[in-house]
Amino acid sequence: MPIQYYLTLSAILFCIGVAGALTRRNAIIIFMCIELMLNAVNLMLVAFSKMSPAVEVAGTNGGTDAQLFVFFIMVVAAAEVSVGLAIIVMMYRNVHSIDVNFLNRLKN
Amino acid sequence: MNELVYLVPLFPLLGFLINGLCRKQLSKSLTGIIGSGSILVSFVISTILFWQVKSNGALPVDPLFTFIDAGSFKIDFAFQVDQLSCLFLLIITGVGFLIHVYSTSYMHDEEAPHFARYFSYLNLFVFSMLLLVLGANFVIMFIGWEGVGLCSYLLIGFWFKNDNYNYAAKKAFVMNRIGDLGFLLAIFWIIEKFHSADYAIVFANPQGTLSPADITGITLLLFVGATGKSAQIPLYTWLPDAMAGPTPVSALIHAATMVTAGIYMIARSNILYTLAPSVQAVVAVIGLATAVFAATIALKQNDIKKVLAYSTVSQLGYMFLGLGVGAYTGAVFHVMTHAFFKACLFLGAGSVIHAMGGEQDMRNMGGLKKYMPVTQITFLLSCFAIAGVPPFSGFFSKDAILSAAMQSNMLYYVIGVLGALLTAFYMFRLYGMTFLGSFRGTHDQEHHLHESPKAITIPLVVLAALATVGGLLGIPEVFVKDSNWLEKFLAPVFAGSTALTQAKPAEGNSSMELVYMFVVAAIIVAVIAFAWSKYKKYEKTTEPETGLGKVLANKWYVDEIYDAIVVRPLNALAGFLKNVVEKSGIDGFVNGVGRFVQYSSRQLRLLQSGLAGNYILYMVLSIVVLFVIFWNQTQIVQFLENIF
Chain A
422 MPIQYYLTLS AILFCIGVAG ALTRRNAIII FMCIELMLNA VNLMLVAFSK MSPAVEVAGT
482 NGGTDAQLFV FFIMVVAAAE VSVGLAIIVM MYRNVHSIDV NFLNRLKN
Chain B
6 MNELVYLVPL FPLLGFLING LCRKQLSKSL TGIIGSGSIL VSFVISTILF WQVKSNGALP
66 VDPLFTFIDA GSFKIDFAFQ VDQLSCLFLL IITGVGFLIH VYSTSYMHDE EAPHFARYFS
126 YLNLFVFSML LLVLGANFVI MFIGWEGVGL CSYLLIGFWF KNDNYNYAAK KAFVMNRIGD
186 LGFLLAIFWI IEKFHSADYA IVFANPQGTL SPADITGITL LLFVGATGKS AQIPLYTWLP
246 DAMAGPTPVS ALIHAATMVT AGIYMIARSN ILYTLAPSVQ AVVAVIGLAT AVFAATIALK
306 QNDIKKVLAY STVSQLGYMF LGLGVGAYTG AVFHVMTHAF FKACLFLGAG SVIHAMGGEQ
366 DMRNMGGLKK YMPVTQITFL LSCFAIAGVP PFSGFFSKDA ILSAAMQSNM LYYVIGVLGA
426 LLTAFYMFRL YGMTFLGSFR GTHDQEHHLH ESPKAITIPL VVLAALATVG GLLGIPEVFV
486 KDSNWLEKFL APVFAGSTAL TQAKPAEGNS SMELVYMFVV AAIIVAVIAF AWSKYKKYEK
546 TTEPETGLGK VLANKWYVDE IYDAIVVRPL NALAGFLKNV VEKSGIDGFV NGVGRFVQYS
606 SRQLRLLQSG LAGNYILYMV LSIVVLFVIF WNQTQIVQFL ENIF
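Protein chains in written order, with our numbering: chain A, 422 to 529; chain B, 6 to 649.
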């Protein structure tokens, strides 16, 4: 399969993630959208690492670098999810809502 | 023995420091002893130097240290003692010492700290004046020049609680600054041309380095400096106002020494002036105009010190006339005799004011002869001297100037003689109103009248004696051959100029000169007799002056004219700058910046909605913008084309 398919899918996923993060008010859904964006990027990295014309020219070994990044992103995303969900839990305990626009006290 | 030179100004400086720093601790008598003693020591050293110069000629210049050292340009702190400067040394320290002694009594009513402040200023003044005449280059002279200006300011405003006195002090300072600017520019010009300010270099061969235009420019600028310091038209108005200071100050600074600084400077630069005949003519005309102009004003003044002030301006005019017609010796001679008789007159006036309890208006005096015999006699002798009655000193010195003027231009002579007649008239008007007739003051004042103490009368007697016989130093050639000692003594200083003007007129008309001299002297005596008889029975009148008298009494309205031409336009300009440029221009701009920042930040604050979604939107938008700006777009397109 040509790389264009992967890139197009990755771009579509990323845009869905951005749109969701911008438009939705539910914190959990925003979270999911962020995960979507991260994984869109992961997908793109893996696709490039296997199929990029630049990598082919460079040699055989270069292809694994991007995949290592993917693991890092996954690890960081996992950590982020645990912290983020904890924050959402705390938020719900305090205000009985997970609407991000409800917490706008940073204003003023 | 050359180190002696540096001791001359050192003692007044020490006196200034001691009196100035310890003014709260020292008693009045100690202050007086320190103040006068330091000048006395300087006087003694000056006398020693004078004898050295007299027997050996000018002492070699021996720099004390390098004052300015910038690359190839170097100015030494060096003193030059030649015939001219040692003569000035004697005048400054000699007359200065007498005036210090006089001051110990005259200022005795001051509180001790102010008394010491007074003496410290006086010593600083003497120090600066010595620096001025001793300096071996124009820069050192300028230091002294500024120093005396400062002391003049400080002493005119000595009684600083009186606003008018402060205004007078400021006026003197500002007027002097105008002149100083000219002097400073001349120094820059000289340094630019010679790469040095040393007299030895500048005066050695000025024609070789300077073009005629340079010489004219430099001498004109120097003369501007001299008009400021020596109170010539158009910058003379500060001197009469300077009478706000204590009377001994008027005697020392504004009559005997400081105001002659301009004469000294031009006499020092005589060779430059001789090379610029057009500037010499300017000097002569301005001097003559000042001499007559000030004399006419003096005719109608009623303040005893104002009369003397205008007479000083007038006499300074004569000195400039002398310089302008090339009679450098005559001018210096007149400086010397003027120092004697004008100091005596001022101190005598001070003695009178002292006795009158501060009264300065001559209309309230009269008949003081019988109360103050010593003051009266010395005053009379000095009046004769300034009027130019033979054989008093003023006769010889004024004659030296006038006869040189006659050789240069008959018109100068005639106008000069006219001024001399005016001088004789107003001086005896002053004398008559003060000492003759009957007393016109209040009863309290009459009761208080007394002869002044010894510390006042002794300087008067000494100065009057000098004023009487001082002229014998320069008896004109027409009387006795080779009798003009001063001319011969100063000859080396003016040698360069004399060499340039060798075409001296023959001595053939010396008999004519004699005739003129005695005719003039006779007229002067007649004028004196007229003034004497007119003011012997002066009565106070309440009629206001009319016609020309009113114009003269108001000093030709010169102060008013200056006020209208210079002061008020400047004030208006300053008001415009303050109210319009400052308020709406600069303030508007500065406040505008503040308002703009406040307004824009109030608007920008609206971006901070506190909504997480908004922040994310900004983030996404900014990233898109960054992409657009920083990525090379053709490369992106190419990359995408490569892939797809």
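FYI, nobody ran anything at the bench for these hints, they're computed from the structure. Heads up, the beta-carbon is just placed ideally off N, CA and C, and yes, glycines get one too. Some clues are possibly wrong.
Cβ-to-Cβ under 8 Å is the rule here; a few derived chain B residues that face chain A [as the list claims (entries may be wrong)]:
| id | residue |
| --- | --- |
| 1 | Val520 |
| 2 | Ala579 |
| 3 | Leu582 |
| 4 | Gly618 |
| 5 | Ile621 |
| 6 | Leu622 |
Proposed interface contact between B:Leu582 and chain A, which counts if any beta carbon pair is under 8 Å: violated, 44 Å
Should the interface hint for B:Ile621 be scored as holding, given a Cβ-Cβ cut-off of 8 Å against chain A? holds, 6 Å
Cut-off 8 Å, beta-carbon criterion: hint that B:Val520 touches chain A: It is violated, given that the least Cβ distance between B:Val520 and chain A is near 106 Å, above 8 Å.
Minimum beta-carbon distance criterion (8 Å), B:Gly618 to chain A: Holds, because the Cβ-Cβ distance from B:Gly618 to chain A comes to roughly 6 Å (cut-off 8 Å).
How about B:Ala579: closest beta carbon in chain A under 8 Å, or not? Violated, about 48 Å.
Restraint satisfaction for B:Leu622 [CB to CB of chain A, less than 8 Å]: Holds, about 5 Å.
In summary, the structure is inconsistent with hints 1, 2, 3 from the numbered list given earlier, while agreeing with the others.
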